[in-house]
Amino acid sequence: MEELLRQALPFWENLTEKEKRKLVSKTTRSSCVKHSLLHFGGGECAGVQVIEQGRARVFITSQNGGEITLFRLLEGDVSILSAACMLNGMDIELDMEMETDTILCTIPKSVYKELYDANSAVKDYTVEMISEKFSDVMWLFHQYVFSNVASRLAGSLLEHRALEKQDVFSITHEALAKDVGTAREVVTRLLKQFQTDGLVKLTRGKIELLDVRRLGKI
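Using my numbering, read the sequence shown as starting at 36 and increasing by one per residue.
Because the hints were derived from the structure by calculation, they are not lab data.
Given the structure is predicted, the values throughout are model-derived calculations rather than measurements.
Please note that a few of the clues may not be correct.
Claimed, not checked - Calculated pairs, BS3-like style, for lysine-lysine (alpha carbon to alpha carbon, straight line, at most 27 Å):
| # | residue 1 | residue 2 |
| --- | --- | --- |
| 1 | Lys55 | Lys158 |
| 2 | Lys55 | Lys200 |
| 3 | Lys200 | Lys236 |
| 4 | Lys158 | Lys61 |
As the list claims (entries may be wrong) - Estimated spans, in silico, between C-beta atoms of each pair:
| # | residue 1 | residue 2 | range |
| --- | --- | --- | --- |
| 5 | Arg41 | Arg224 | 47 to 57 Å |
| 6 | Trp47 | Arg239 | 42 to 52 Å |
| 7 | Glu199 | Phe176 | 18 to 28 Å |
| 8 | Val247 | Phe46 | 32 to 42 Å |
| 9 | His177 | Arg224 | 45 to 55 Å |
| 10 | Glu37 | Gly233 | 50 to 60 Å |
| 11 | Gln88 | Phe204 | 17 to 27 Å |
| 12 | Thr135 | Asp232 | 47 to 57 Å |
Beta carbons are placed, not taken as given, at the ideal position from N, Cα and C, and that holds for glycine.
Let the hints inform the model, and build the full structure from the sequences given.
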């Protein structure tokens, strides 16, 4: 646990030995199966999550049940937005879906808040990371407003290629629809058009990217 926190938290070396020991002893580890969901916000402050192993998708849900993927967390990443409630007047409702079997380490709110209040390095890191994530989210919403669905779908395919480190990967049309914030039927129609254009090859449950360069220009 200590090595994980040391690697994941840039302020680790600015903590006192007592603070380090408390952080290690109070951080909990949990195993989450693929597709399990966690909800943050709505008046409850969950603390800070660190991905020890696996991958998670962080998203928001609209009133009509539609999902928009905000970002993904890989091994060693910190989910700092779940701690945004420590900043006065800020409460963000988020959901996290495990895209693989995942080991999640959680720093309780009370422990992190104590460090946040007492240690300027922790406060600076928290404010900087939350601001950075909000900037990323604002860019994402800009893409949703001003770019077309085909462009977002191409971007999602390229992101999954990078995550899987290969041109062929397994993914459902429903999962892609959640990524790009549209209906599954729209994704299916666009993928068929991509296939006709020679950009991808569709097989049952799998997609092969045939022309990465052209996909990147959509």
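Within a Cα-Cα threshold of 27 Å, do Lys55 and Lys200 meet the stated pairing?
-> Measuring from Cα to Cα gives roughly 36 Å; hence the hint is violated.
Below or equal to 27 Å on CA atoms is what counts here, so check Lys200 against Lys236.
-> Judged against 27 Å, a Cα distance of about 17 Å means the pair holds.
If you check the beta carbons of Arg41 and Arg224, does the distance land in 47 to 57 Å?
-> holds, 48 Å
Distance restraint evaluation - Glu37, Gly233, Cβ atoms, bounds 50 to 60 Å | Because 51 Å falls inside the window, the suggested range holds.
Holds or violated: Lys55 with Lys158, Cα cutoff 27 Å?
-> Holds, at roughly 16 Å.
Can the restraint linking Lys158 and Lys61 be considered satisfied, given a maximum Cα separation of 27 Å?
-> With Cα atoms ~19 Å apart, Lys158 and Lys61 stay inside 27 Å; holds.
Please test the hint of 17 to 27 Å on the beta carbon pair from Gln88 and Phe204.
-> holds, 20 Å
Between His177 and Arg224, does the beta-carbon spacing fit 45 to 55 Å?
-> violated, 25 Å
C-beta pair Glu199, Phe176: status relative to the range 18 to 28 Å that was hinted = For Glu199 and Phe176 the Cβ distance comes to about 26 Å; the hint holds.
Range hint 32 to 42 Å: satisfied by the CB atoms of Val247 and Phe46?
-> holds, 38 Å
With respect to the beta-carbon atoms only, verify the hint that Trp47 and Arg239 lie 42 to 52 Å apart.
-> Because 46 Å falls inside the window, the suggested range holds.
Thr135 and Asp232, beta-carbon distance inside 47 to 57 Å?
-> violated, 31 Å
The structure shown violates the earlier hints numbered 2, 9, 12.
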